[in-house]
Every structure is written in structure tokens, then in C-alpha cells.
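Using the hints, put the two chains back together into the complex; each one sits in its own frame.
Chain by chain, the residues run as shown.
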Amino acid sequence: MNVTVQGIGAVGGFGCGAENLALAPGAPGALAIPWGEGTREIPAFLAATDPLERFVPRRALRRVDHFSRMALLGAYLALEDAGRTPEGLALVVASGYGPTATTFSLIDSMIQDGDPCTSPIHFAASLHNTPAAHIGILMGITGPCLTLSGFEGMVPSALMAARLLLQEGRAERVLVGAVDEFSELMAYLWARSGPGPVAGEGAAFLLLSAREEDGPGCCTLEEAGAAAGPWPWGAQPGAPAFALAAAAARLRSSRR
Amino acid sequence: MIPVTGLGCICAAGKSLPACLGALFAGGPGPAPATRFASGHPASYPVFEVLDFESDPRRLRTSGLLLHAAREALLDAGLAPEDLPRARTGVIIGTTVGCALNDEAFCRAYRAGGHPGLEPMERIFRSNPAEALALELGLAGPCQTVVNACSSGTDAIGLGASWIRAGLCDVVLAGGADELSRITFNGFISLKITSEEACRPFDRDRQGLNLGEGAALLVLEAPGTRRRARSFVLGYGSSCDAYHPTAPSPDGAGLRRALAGAMGGIAPAEVAFVNAHGTATPDNDRVEALVLRDVLPGVPFLSTKGCTGHTLGAAGAIEAAFTVACLEAGRIPASAGFRTPDPALGGAEPVREATSFTGGVALSSSLAFGGNNAVLAFGGPR
Numbered sequence: 001m002n003v004t005v006q007g008i009g010a011v012g013g014f015g016c017g018a019e020n021l022a023l024a025p026g027a028p029g030a031l032a033i034p035w036g037e038g039t040r041e042i043p044a045f046l047a048a049t050d051p052l053e054r055f056v057p058r059r060a061l062r063r064v065d066h067f068s069r070m071a072l073l074g075a076y077l078a079l080e081d082a083g084r085t086p087e088g089l090a091l092v093v094a095s096g097y098g099p100t101a102t103t104f105s106l107i108d109s110m111i112q113d114g115d116p117c118t119s120p121i122h123f124a125a126s127l128h129n130t131p132a133a134h135i136g137i138l139m140g141i142t143g144p145c146l147t148l149s150g151f152e153g154m155v156p157s158a159l160m161a162a163r164l165l166l167q168e169g170r171a172e173r174v175l176v177g178a179v180d181e182f183s184e185l186m187a188y189l190w191a192r193s194g195p196g197p198v199a200g201e202g203a204a205f206l207l208l209s210a211r212e213e214d215g216p217g218c219c220t221l222e223e224a225g226a227a228a229g230p231w232p233w234g235a236q237p238g239a240p241a242f243a244l245a246a247a248a249a250r251l252r253s254s255r256r
Numbered sequence: 001m002i003p004v005t006g007l008g009c010i011c012a013a014g015k016s017l018p019a020c021l022g023a024l025f026a027g028g029p030g031p032a033p034a035t036r037f038a039s040g041h042p043a044s045y046p047v048f049e050v051l052d053f054e055s056d057p058r059r060l061r062t063s064g065l066l067l068h069a070a071r072e073a074l075l076d077a078g079l080a081p082e083d084l085p086r087a088r089t090g091v092i093i094g095t096t097v098g099c100a101l102n103d104e105a106f107c108r109a110y111r112a113g114g115h116p117g118l119e120p121m122e123r124i125f126r127s128n129p130a131e132a133l134a135l136e137l138g139l140a141g142p143c144q145t146v147v148n149a150c151s152s153g154t155d156a157i158g159l160g161a162s163w164i165r166a167g168l169c170d171v172v173l174a175g176g177a178d179e180l181s182r183i184t185f186n187g188f189i190s191l192k193i194t195s196e197e198a199c200r201p202f203d204r205d206r207q208g209l210n211l212g213e214g215a216a217l218l219v220l221e222a223p224g225t226r227r228r229a230r231s232f233v234l235g236y237g238s239s240c241d242a243y244h245p246t247a248p249s250p251d252g253a254g255l256r257r258a259l260a261g262a263m264g265g266i267a268p269a270e271v272a273f274v275n276a277h278g279t280a281t282p283d284n285d286r287v288e289a290l291v292l293r294d295v296l297p298g299v300p301f302l303s304t305k306g307c308t309g310h311t312l313g314a315a316g317a318i319e320a321a322f323t324v325a326c327l328e329a330g331r332i333p334a335s336a337g338f339r340t341p342d343p344a345l346g347g348a349e350p351v352r353e354a355t356s357f358t359g360g361v362a363l364s365s366s367l368a369f370g371g372n373n374a375v376l377a378f379g380g381p382r
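First to last, the sequence lines map onto chains A and S. At position 201 of the first sequence (counting the first as 1) the number is 201 in the numbering used here, and the numbers step up by one without a gap. At position 128 of the second sequence (counting the first as 1) the number is 128 in the numbering used here, and the numbers step up by one without a gap.
The shape of chain S in the complex, shown without the other chains (with noise of 0.2 Å):
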């Protein structure tokens, strides 16, 4: 069991913890156009933004919402940064856009035949989420960015507690970070699985999803802590479907493999709810509810990025950070933009509202692009 002892997050339902737990309960704020950049596409294309957010543009914005969610998790930790042991603080983060060279404008100068300077893709190998943090707070220990597409964050979490586990750490901070990308935002919609409307995630009328971008950060600390724990880390899970780059095996093999990695030794009747992936995409939505009504009957579940988006590589991280706190809570949200049972699902069908529960453990899913599926189990204090 490795105890949590501090959370920071920043997405599009608020830029701390409190604040987004606030607005998922609320119901959460709706996506509304991209007001960071323009796309020439004849529909609109909704996406879930942090407004009202600058960060130092000498890095990506990626490491500028990383950082922010950093502060707020030390702080919730009751650690300031000289306060970490140099070089037993590990710092593993996930991310997708953050580590792509990809920066449009230095495409287009060199494409035009210009010779265009190193900045911008100078300003992306400084920008990689975990050295940046690391080289922030000055840390020495162990040091990896993950980029298992869109469950880089919850696997960051998961390796995290292994290194403590190990003996490599005495702390660890763990989580993803992804801002929004106009490449990233067209791919997407190239992919048809991006809505034009709000996401509804498991709904039967479900679109597909909607972008967003965050970061979430966990503070592991090793057993035996003096802070005190927030939750811990029970279980870790994870492993590939080797069925297809971009969509999930149909029988969720690779999904059930994740959980029992995730519940050695939690019976199903001691999961109080499931944190879903819930992506609002046809086969995301449809693989993930039959596999839960299998391995995880009458248990309650819900997709959060009815208020946040899909934000990538920082989603499972925002939804850990999430499940931490609604497990303190004792009351899930209801799964924003579900309102029609999909007859497909099995009768699998997410929270429609706020649900209260007494059970003392909790799961949070992720899956991606690659087969990968990654689930982490989280416990209350006891």
C-alpha cells in the first residue's frame, strides 16, 4: 500500500482539486470552441480549455499546467519543494503532446523553403513534463516521461508506487500533463471519433468525444510516512491487446487483464465504484461497459470527461486525482452527458446522479491507442 499524500489538478472543470470536484458534482462547465486557435473545418468542434491559464512560454504549455497541478499537490502534501529528499524523489510523468515535435509554424517556415531558427523545437526538448519538473524543483532521482498514448498518466501512477515499492524512493511525484493541440485536435477529428456536440459518454446517442487538456499530480511517499494519507495506491494493472494501433480488442481481454492485475487480492464486492475511461466513443464506450458488467456486476461507475474532455495523457492522472477524492467524499458525481441507456451495452449503464457509497476501495481505468490498457485500484485510509 503506498500512501497519497497530496493532489494538485488543473482541467477545464477548475485549477485546483476542490474547485473540479466542485463542478463535477455541479454538473461541470460544458465544451465550447477552441479560443487558442482556429481549424478549417466546416463543423465546430467542441473542446474542454483551461481558460484564464498562462504559463512561461519559454516551455510548452504542457509543463506550465504540470507545474501549476505540482504546486498545489506539494502543498496539499504539506512539503515545500526544498523539503524533498534530492535524490529519492523520483518524478514520472505521462503525457502525448508534450513530447511531439510538432510545432506547426516551424513546419510551415521549413516547408516554404525557409530555414527557420531552432527555437520552437529547442522550447519542446526543454518542455519534456518530467525533466522540466524535476529540473523545477531541482530533483536528482529517478526521472521518466510516458508515453503510452492516452494511458500514459494512470501508468506514470501506477510505476511510481513501484519505485517506491522498490526501494528506489522515498517520494515520488506521479501524473500527467497534455494541453490542447490544433495537430493533435485535427487528427482526431481525421480519426471521425471527435463530436460535434457535448461528449455522452456511454449514452446509446454517443458522438464521440471531446478534447481537453490538464494536469494532475500525486504525491506517493513511501510507507510509513508521517504525513498523513490522503488514500493509497492498492493495485496497478496494465497490459496490451495486440489486436490494433487505434481500437480496443472487442472482447476486452486486454481490458480484464488490467483489472486482475489492478484487484490481486480485492474481492469485486469491496469496490465501491469504477472511475471509467469512458471516452464517449462507440467502441471505447461499448468494450469498457461489457467488460465492468462482467468482472464487476451492480458495481458503480461513471466517466468523468463529461466535464474535462479527453485530455490525454494527463486523463488518467485527473481521474485518479478524482477517484482519490471522491473516495474521501464518500459520493460519486453523476457521469456527465449520460441520459439514454445504449441496449448494446448489456444494460451496463453509469451513475445518473450523485451516489453515495461505503465501500473503501476504487478503481480508475484508462485505455489507449497502442492496446494498452492500464487500470489503478485506490483505497481509503483505514
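Just chain A, same shape as in the assembly (with noise of 0.2 Å):
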């Protein structure tokens, strides 16, 4: 079975867009922690959401936070990217460490206001699979709606999963993506573990399809491989599915 990549959607430090994930590294931003009797900033790069406006109204991301915003606007870039529809869109999303900022938040209404005060939205945002519910509540996707934790293998995982929708014919056709935010808490934890690669936050999401009538899109994914560093959208456990849509992109640039 030929897999294609029909459509490539990407939000990071780098800006947003399959263009510019062939940015040369810029400066990283910075994540300001408190630290000590002061604060201290940890570099890393940041990715802003302002375009999902385009796709989202406002009022309807009311309640939507970082984490999902970034999933939100890689999917919906990914998809306009392929120029298609969410009809008969299966969805896999990876996270190496899910909503971290909404979670800390969650146990800073149990501290600060009593367990009875504990916060419902909080709660329900927590969840890693909440970016899943809102592409899937926005977009109205009604197939198959995967989501997947782990670290290293966790991009192969999930285009594994992608891959058997479309052999099962349980989808025509798959949003695959990773997403992770730099919250305080991963800022904290990124301080402390000693000196690192700058870390990144985004999302990178791929459509896939196995639809001979799709054409050949941007390549396949064997072909698609992993673009060659340096990259400009930091260390994060999705960073494979950063360089794989790099990739596709470059390829896609070569053949035009």
C-alpha cells in the first residue's frame, strides 16, 4: 500500500506553515520561571497561535488553551495545505508529555482554593487527548480519533496507526501529528536536568492518504524520510514529526 503525503501542516518556533520549516535555527525565545528569590529565562522556541483566527472564530477557542491551539492550527493547516475537507478524516495525535500547563493549573485550583474548588475546566482540559476532541469538535471529524503517549518511538507509533487505518479502510484518510508545549513546568524541569539542547513547542501534523484518485501529493512516506538538521523547531519529543513534514515539504518544493 502507498501511503502519500497530501498535506503538511507545522506551527513552532519558526512561525507557522510547511515553508518555513526550512528556516535556518533562529534565536530562541525565552520562558521566564521563577526561580530563586527572582526569575530566570529559559530559552527555548516558542510557537504562537494567532493564525488558527483564520480557520476558528475567537469566541470558539474561549476555552481552549495553548496545547490544543498548537494541535488545533497544525491540523487545519495540514489540511488546507492538501486542499481537502474533513470528510472521512481519521485523526492520531502524539504527545510526549500532554497538557502540562492545564494540568499544573488544575493542581493550582486543588492548592490555592481547597479540593472542593478544584477546577472542572481545568480538569477536563487536562486530559492528553483533549487536542484530539476539539480537532475532531471543529472540524467534525466522526472517524476514528486516536491519541498516543510515549517518548522516542512515539512519531512511528503513530504513523504505524495512521498506516492501518487506511489498510483497514477504517478512514480515506489520516490527520497524523505530534504536539508538546514548553510550559513552566517542562521549562522547570528542562532547568534542572542541566544543560541541554534549546527545547521547542509546536505541532506538526501530516494528511495522509492511500486513495490512488488523490494523486501523489507531496511524496510518499518512505520517500519523505527525515530532513537533515539544523532544525528551527527545537528538541521535543515530536520532533520527528517535524523533520519527516520538513521533508515532504522539500520534496514537494523539488518537484514543482
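Hints are computed from structural coordinates only; laboratory data are not their basis. One should not assume that every hint holds.
Unchecked claim - Derived CB-CB ranges, DEER-like:
1) S:R36 x A:P195: 33 to 43 Å
2) A:S254 x S:L168: 26 to 36 Å
3) S:M1 x A:E213: 27 to 37 Å
4) S:E122 x A:R54: 37 to 47 Å
Said to hold, decoys possible - From the derived model, a few chain S residues whose C-beta atoms are all more than 10 Å from chain A:
5) A80
6) P297
7) R331
8) T340
Every residue gets a Cβ at the ideal spot worked out from N, C-alpha and C, and that includes glycine.
Here is the structure:
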């Protein structure tokens, strides 16, 4: 079975859109976290999700956190890039750490106001599959929706799941991607873990198809492989999804 | 048809599948106040806790529960860990709490201006359920942790069967695991869907769910295995409601699609019973009962959550194990907690007493936050 990449959507410290994946890494931004008596700036490639308002009314995003917004933007961009509607879609989302900022906010609500005041909004949004829920609701995806959590192997694992959905005819096309955020918690863990590569956050999605009538798209999954660094998206569990998206974008450009 | 050659289960109803089954037919244990954590709620919200169970403190309790179920399942299949084909054995586990970076003590220390050590977070990283089990057994095949909220365990089994059908694995260890957590406990109470009494799935007076904890594991093997199949995975369907982050679609359209996916080629008359999700929340039970009434009229159904509580990411796997065991036994227990029919369910009501059947197919369904619906179809050996 030939699985082709029909669309690419990505958001990260490099901006958003497939074309920006080829950018050389610029200077990272920084997240300030409390440190001793003051604050400490932790460098990271941080993502802005303002372009999401091009796809979703601001009102519909009121209760959607940054983690889910990144996933939504990546997914919408991939669908737009492919020129497709959500009909017949399945969704596979992978995340290493899940919605860590909202999880911290949930615990904050317990600590600051007591157990009876635990925030129901933060609780509902603290689940790993919240981005998939938002994507499903806003896009109207009624096919299988799968969220996976892992580390090194999670992107290949998500691609395998997507391929099986196509192979078994459970979906016509699959949106598959990875998302992780660089929250205050992640910044603290980065700072305490000692020197390491500059971290990043963002979402990278691909629209995959095995239908001949969809045409060759950007390339096949096998052709895409992974783009060689240096990478403008920073270290994050979903990095292989960005590398794959960048490689697919490069192949498409070279064939135009 | 994917053979199920081994089963393992641990939950408040028992520390092995036979013990759990015995408890289900005996009416099960009731919920009780949590012993492992305190809460500041004025009311008591009882839970189904696995008592007298200790696990390796270097990992989350979720991993300990999973390893316990895995040992039973492998023994049941007659497989020693060293017998497993290392590169051709996959592991796929559903969870919710088992992946969450939600250590409360760490958060409290950090918010208090301290510099807490990273051990609590490293412990969570070490506890990714599928990775922890694969590491424990030295396996190198496909490895996935499914985090589809409360349908995770069902999805894990359905996807594990796909791995075998696709020829990716000879053996797949598929299941779910979740521990009781104070954070989840407070979260469900905040949503106002937790009962202050023993839960009553599908009952007119149901007040909400009781949380539980546990794990279950199914050993799935490629067709043609020499080991005895206790059952077969006949089908799996999943869908998304695309309706609301935490409430099921009132028309049950998503659940109908998942049922249709699982039942491809199975006639309603072949279905002996349905082990329903049946959380005892007003919304879940209403949607599920009305869909079952329409799609599978007259087919007996039950919820086992009155004996286990809602074990979240483990629920689908625990209920799949119960479904297989009941298929073997040729009977299902009474749906614990049910007393009074709910007129809003259109005449649908779960079984009131242990019920024998002759059919060879059973379904196990799960509904989840995020709008996920997942259904498994099992068939007995023929």
C-alpha cells in the first residue's frame, strides 16, 4: 500500500506553515520562570497560535488552551495545504507530555482554593486527548480518533497507527501529528536537568492518504524520510514529525 | 478472528480474573472511602480501591497493577516471558493517569518557591505503561500507550488485534491500567458526575459514578497458534462524536457507528449480551441504553461498574476480560446497583439477575471524554 503525504501543517518557533520548516534556526525565545527570589529566563523555541483565528472564530477558542491551539493550528494547516475537507477523516495525535500547563493549573486550583474548588474546566482539559477532542469537534471528524503518549518511539508509532487505519479501510484519509508544549513545568525540568539542547514546542501534522485518486501528493511516506538538521523547532518528543514534515515539504518544492 | 489465549485482571473485585468473576456473581464488593488519600470535600465519595496491594515505588502504582495483570495473563496463556518472541511481541496499553505529569507534592513544593528534585517526574516518565511492561519483559516489538480517556483499554485491544492482522506481531499484550488518584478524584467531583453512594448504572435514581482502579491484560496471538484460544476478537469499531469534550452526543450517532464497525458481519441475533460502559452518570447511561435498545433490541446488557467502579483507562480492558470470561461461563451476572427502571431509557434495562445464554458472540463498549466511542466483539471458541 502506497501512503502519500497530501498536506503538511506545522507551527513552532519558526512560525507556521510548511515553507517555514526549511528556515535555519533563529534565536530562540525565552520563558521566564520563578527561580529563587527572582526569575530565570529559559531559552526555547516557542510557538504563537494567532493564525488559528483564520480557521476558528475567537469565541470558539475561549476555553481552548495553548496546547490544544497548537494542535488545532497544525491540523487545520495540513488540511488546508492538502485542499481537502474533513470528510472521511481519522485522526491520530501523539504527545510526549500532554497538556502540562493545564495540568499544573488544575493542581493549582486544588492547592489555592481547596479540593471542593478544583477547576472542572482545567480537569476536562488536562486529559491527553483534549486536542483530539477539539480537532474532532471543530472540524467535525466522526471517524476514529486516537491519541498516543510516549517518547522516542511515539511518532513512528503514530504513523504505524495511521497506516493501519488506511490499510484496514477504517478511514479514507488520516490526519496524523505530534504536539507538545514548553510550559512552566517543562522549563523547570529543563533548567534542573542541566545543559541540554534548546527545547521547543509546537505541532506538526500530515494528511495521509492511500487513495490513488488523491494523486501523488508531496511524496510517499517512505520517500519523505526525515530532513537533516539543523532544526528550527527545538528539542521535543514530536521532533521526528517536524523532520518528516520538513522532508516532505522539501521534496514537494524540488518537484514543482 | 484473533485468538485470545490469556487473560489477567486486577481490580477492587479481586486480584485475579477468577476472583473477580466470583465477586461479580456474588454481587461484588461495595465502594468505600479511599484509604490511600484524604480529601477536603464535605461529602464522602466512595471508591473501588484495590486493597492490600503494594507495588515497586520506583514506578507509578498503575505500572504495578499492570504488571500484576500481565503475570496472570501470561501464566494463563502458558507463556513464560522468555518464550515470547522478543521482536514480534507488541505491547499496547490504555491509560489516563499513567501518563499524566501530575505529581501533587512536586507541584506544591514548586509553587511554594522551592526547587523540588526531579525524582517524582522521572518516576512518571519511567511508568509509561506500555514502555514499562515492554521493558520489564525485555520486548522489542511495537509499543504504544493509548490515551483516549475512558475508551483507552478498549481501543488498545482493538488496535492490538490490528497489529496481528497486519502481520506486525505474532503476540500482542493488550490491555489497560489506571490507579486511583487524588487529582482525578477531585476532578470528577468538580464535574458533578460522582456519586456519594454506591453507583447504580442505568437506574432511575443514578447519581453518578464511583471511581475505581485496576488493570487487565489480554494475550492476543496470530491465528494458528498452538495454544488454546479462550475467545476470539471478532471485531472492533471506534468513532468520534465531534460533539462535546465531556458529554456524549445525545443522539448516540457515534456509538452507533462504533457498534456497526465492531459488528461488521455479525447479525444482532448472534449477540448473546453486551457488557456496556454503564458509568451511572445520567448522560452516559441514557445515550447508551437508547442506542442498545435500537440497535440490539432484546439483547441482555449489563454494567459491571457497580462491582469495580469506573477504572478509566483500564475499564475497557477489565470489561473485555469479564466479557470473555462470561462467554466461557455461558452466563452473565446481575447488573450491580440496578433496582428501578428509568422511564427515560425507553424500556431498556440491564439484567436484574444472573442470566444464562446460548449465543457465542458478546460485545463490550466504552464511551469516553473527547467523544470517543469504542466497541469490541468477542466470540467463543467454536
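Measuring Cβ to Cβ, find out whether A80 of chain S lies farther than 10 Å from everything in chain A. 26 Å, holds
Consistency of the no-contact label for T340 of chain S, given chain A and a CB cut of 10 Å: At roughly 29 Å from the nearest Cβ of chain A, T340 of chain S sits farther out than 10 Å, so the non-interface label holds.
Between the beta carbons of M1 of chain S and E213 of chain A, is the distance compatible with 27 to 37 Å? 32 Å, holds
Beyond 10 Å from every chain A Cβ: check whether that's true for R331 of chain S. 33 Å, holds
When you look at the beta carbon of P297 of chain S, is every beta carbon of chain A farther off than 10 Å? The claim stands: P297 of chain S keeps its Cβ more than 10 Å from every Cβ of chain A (closest is about 24 Å).
Quick one: are R36 of chain S and P195 of chain A within 33 to 43 Å, going by C-beta? 38 Å, holds
Taking the CB of E122 of chain S and the CB of R54 of chain A, does the distance hold inside 37 to 47 Å? Given a distance of about 40 Å, which is inside 37 to 47 Å, the answer is holds.
Given the hint of 26 to 36 Å, check if S254 of chain A and L168 of chain S actually sit that far apart at their C-beta atoms. Holds, at about 32 Å.
Of the numbered hints stated above, none is contradicted by the structure.
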